[in-house]
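Protein chains: 2
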Amino acid sequence: MEMNIALLPGDGIGPEVIAQAVKVVHAVGKKFGHQITFKEAITGAAAIDAVGHPYPEETHQVCLQSDAVLFGAIGDPRFDNDPSAKVRPEQGLLEMRKRLGLFSNVRPTFTFPSLVHKSPLKRDRIEGTDLVFLRELTGGIYFGEPRGRNEQGTKAFDTCMYSVEEIERLARMGFEFAQKRRKLLTCVDKANVLATSRLWRETVQRLAPEYPDVKVEYEFVDAVAMRLIQWPKAYDVLITENLFGDILTDEASVISGSMGLMPSASIGVKTKLFEPIHGSYPQAAGKNIANPLATILSASMMFEYAFGLMDEAKAISDAVNLSLEKGMVTEDLADGGTSYKTSEVGDWVAEQVGMA
Amino acid sequence: MEMNIALLPGDGIGPEVIAQAVKVVHAVGKKFGHQITFKEAITGAAAIDAVGHPYPEETHQVCLQSDAVLFGAIGDPRFDNDPSAKVRPEQGLLEMRKRLGLFSNVRPTFTFPSLVHKSPLKRDRIEGTDLVFLRELTGGIYFGEPRGRNEQGTKAFDTCMYSVEEIERLARMGFEFAQKRRKLLTCVDKANVLATSRLWRETVQRLAPEYPDVKVEYEFVDAVAMRLIQWPKAYDVLITENLFGDILTDEASVISGSMGLMPSASIGVKTKLFEPIHGSYPQAAGKNIANPLATILSASMMFEYAFGLMDEAKAISDAVNLSLEKGMVTEDLADGGTSYKTSEVGDWVAEQVGMA
Ligand SMILES: [Mg+2]
Ligand SMILES: [Mg+2]
Chain A
79 MEMNIALLPG DGIGPEVIAQ AVKVVHAVGK KFGHQITFKE AITGAAAIDA VGHPYPEETH
139 QVCLQSDAVL FGAIGDPRFD NDPSAKVRPE QGLLEMRKRL GLFSNVRPTF TFPSLVHKSP
199 LKRDRIEGTD LVFLRELTGG IYFGEPRGRN EQGTKAFDTC MYSVEEIERL ARMGFEFAQK
259 RRKLLTCVDK ANVLATSRLW RETVQRLAPE YPDVKVEYEF VDAVAMRLIQ WPKAYDVLIT
319 ENLFGDILTD EASVISGSMG LMPSASIGVK TKLFEPIHGS YPQAAGKNIA NPLATILSAS
379 MMFEYAFGLM DEAKAISDAV NLSLEKGMVT EDLADGGTSY KTSEVGDWVA EQVGMA
Chain B
79 MEMNIALLPG DGIGPEVIAQ AVKVVHAVGK KFGHQITFKE AITGAAAIDA VGHPYPEETH
139 QVCLQSDAVL FGAIGDPRFD NDPSAKVRPE QGLLEMRKRL GLFSNVRPTF TFPSLVHKSP
199 LKRDRIEGTD LVFLRELTGG IYFGEPRGRN EQGTKAFDTC MYSVEEIERL ARMGFEFAQK
259 RRKLLTCVDK ANVLATSRLW RETVQRLAPE YPDVKVEYEF VDAVAMRLIQ WPKAYDVLIT
319 ENLFGDILTD EASVISGSMG LMPSASIGVK TKLFEPIHGS YPQAAGKNIA NPLATILSAS
379 MMFEYAFGLM DEAKAISDAV NLSLEKGMVT EDLADGGTSY KTSEVGDWVA EQVGMA
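Here the protein sequences come in this chain order: A and B. Reading the first sequence from the start, the letters are residues 79 to 434 in our numbering. Reading the second sequence from the start, the letters are residues 79 to 434 in our numbering.
Keep in mind that the hints were calculated from the coordinates and are not lab data. A few of these clues could be false.
One copy or two, it doesn't matter: identical chains are merged, so the pair holds either way.
Claimed, not checked - Below, computed lysine-lysine pairings styled on BS3-like, alpha-carbon distance capped at 30 Å:
| no. | residue 1 | residue 2 |
| --- | --- | --- |
| 1 | LYS200 | LYS293 |
| 2 | LYS200 | LYS311 |
| 3 | LYS109 | LYS233 |
| 4 | LYS348 | LYS233 |
| 5 | LYS348 | LYS176 |
| 6 | LYS293 | LYS261 |
None of the values given here were measured: they were computed from a predicted structure.
Sequences are here, hints too, so could you generate the full structure?
Here's what the structure looks like:
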């Protein structure tokens, strides 16, 4: 297969971890006979420094012309501590999501056999957890209008808003995910109180007969916040609106015991983007110590979700599990034992993919 | 001290568990020399059946004239399955909160030494957890206007709204709680995105200098959803808005390993109400098998928060801990061993309070 991949390393440790994912993707290409072309583009603080904008038009064009986007991280403390800054790196992320129409944030939660002991949760509760959240990413209370203050400044307000179309495209994606997995879909809402949640629930109920092989469950967001840490194995695919998803996907990331390893995807109308859930970790930038495995696992998700290539995806995740098992890890996972540099871990995983 | 307590048993197991709390409160009164008068009033399905309204005016007057309200539970499946029902028991709860001005829901999370093993979380993460949420209960997106649909029904919307006054009274209560505890206050918001959250944060920042002995931390709601199950011992008092509190207090209730035991308080401008967080559990109603300990612990909270009587509060919680330790428990906690009836557990705890 021919694949054109946009590379957006971003800020902080972004360039270092992206470099490791590139090695691994090349190894997959060689082993499975794919022709892979990377095209790099700037975002975040790096782009503000270069051209004054965190998501330049040129970068947008590179993304549009690619089959998938591999993204590192965005954010730089220079801007956090400068209230006068007019543009901020994070605005690049929001603009990118919006212009690429990335309406669905795909956040898997699974456990790594050799890291289960690091979870705050007990082994028997979490071992074998394999769930995925589809969080609506471009609607809801983070974007609704009106928002702001009354004239005197004594009242503030935000608006949560959803259209049937926004809900339907996310819900259909949820049904399709469930069909390819364990055929259980959970719609997470607060339909006993919120008008938007009732529209979510009605829409999902209307679509359900089109997917008779999928079992649909409806749960309130506060109940899911409990059950997620009590019985995470009870879930398969969960769909929810933006704010609920923001909270619950972070809560779910604790289950694995190693949030620093979790990949994610954002799927949209124009392209698909893959990135680690961790941030730009500026303190570690340039030191060759950052953990590249979440970005490498994001590349695994790319083969699965952008190209439907399950063997390629599995070759990467198997190699990552082996690196964890054998202790071929960066210092954050070394428990005081031998640790390896970012580039060494990348080399090892790429080599492993080639050998397997 | 003279105490007038309104008793609202409500529906389902409510009357049975309230009866046990009454025994224990009488035992406290006898031991510590307080004169306690109870006045019972109807709510929920029981009140709909009797007078057609789930929170009758007469009940409201009883609450207004009392120093504190002890509340059981509300809810009846007869109404859940009847879409034509015009009044529902749960409306009584909302109306009661509103008319009594119960703006702050106080939800402690702590562990029971003999039940720590039941938590899905590991012992070393949770042992000694002692935190309390103050959830704003009468504002935010559950009440804001406008809410509903557009004319075509293709869009739905909800409004989150907060005034400075609503935030300030809850925040001041949080500072005062922290002063009496470990002097750490965490303001939970989403101030990087929401206008209402920014008003929360500004208001708390403005008040902070008045409470120089309290350390204030600001955390985003999604970060708290993670840290709460990673490091619950890091928290003392948390204040937050209605929806965030709805989600996070339920998440926190999992920590103890025994949600069925958790008490709560709602503090308002006119009175203070104490109730278990569990529901009316209609399947168990009338069988003398329901666990009364959460309601008994709510009575303990009543002595602490309504009357400032710490020794009385501790006498009850010590007796509850002893009943758990000695296995004087209902069948839900008996792990297949010997179990006791609701009334037997109530008798035992009351007797224990008298003897201690
Ligand atoms: Mg989040
Ligand atoms: Mg709740």
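Comparing the hints with the structure gives:
For a Cα distance limit of 30 Å, the shortest separation of LYS200 from LYS293 inside one copy, 28 Å, qualifies, whereas the shortest one across copies, 32 Å, does not. Taking the shortest alpha-carbon separations for LYS200 and LYS311, both the intra-copy value of 13 Å and the inter-copy value of 18 Å come in at or below 30 Å. For the identical chains of this complex, LYS109 and LYS233 are neighbours neither inside a copy (60 Å) nor across copies (49 Å), given an alpha-carbon limit of 30 Å. For the homomeric pair LYS348 and LYS233, the shortest alpha-carbon distance between copies (24 Å) is at most 30 Å, but the shortest distance inside one copy (39 Å) is not.
In this homomeric assembly, LYS348 and LYS176 come within 30 Å of each other (Cα to Cα) only inside a single copy, at 10 Å, whereas the closest approach across copies is 48 Å. Proximity of LYS293 to LYS261 under the C-alpha cut-off of 30 Å is restricted to the intra-copy arrangement: shortest distance 6 Å within a copy versus 48 Å between copies.
Violation of the numbered hints given earlier is confined to hint 3; every other hint is satisfied by the structure.
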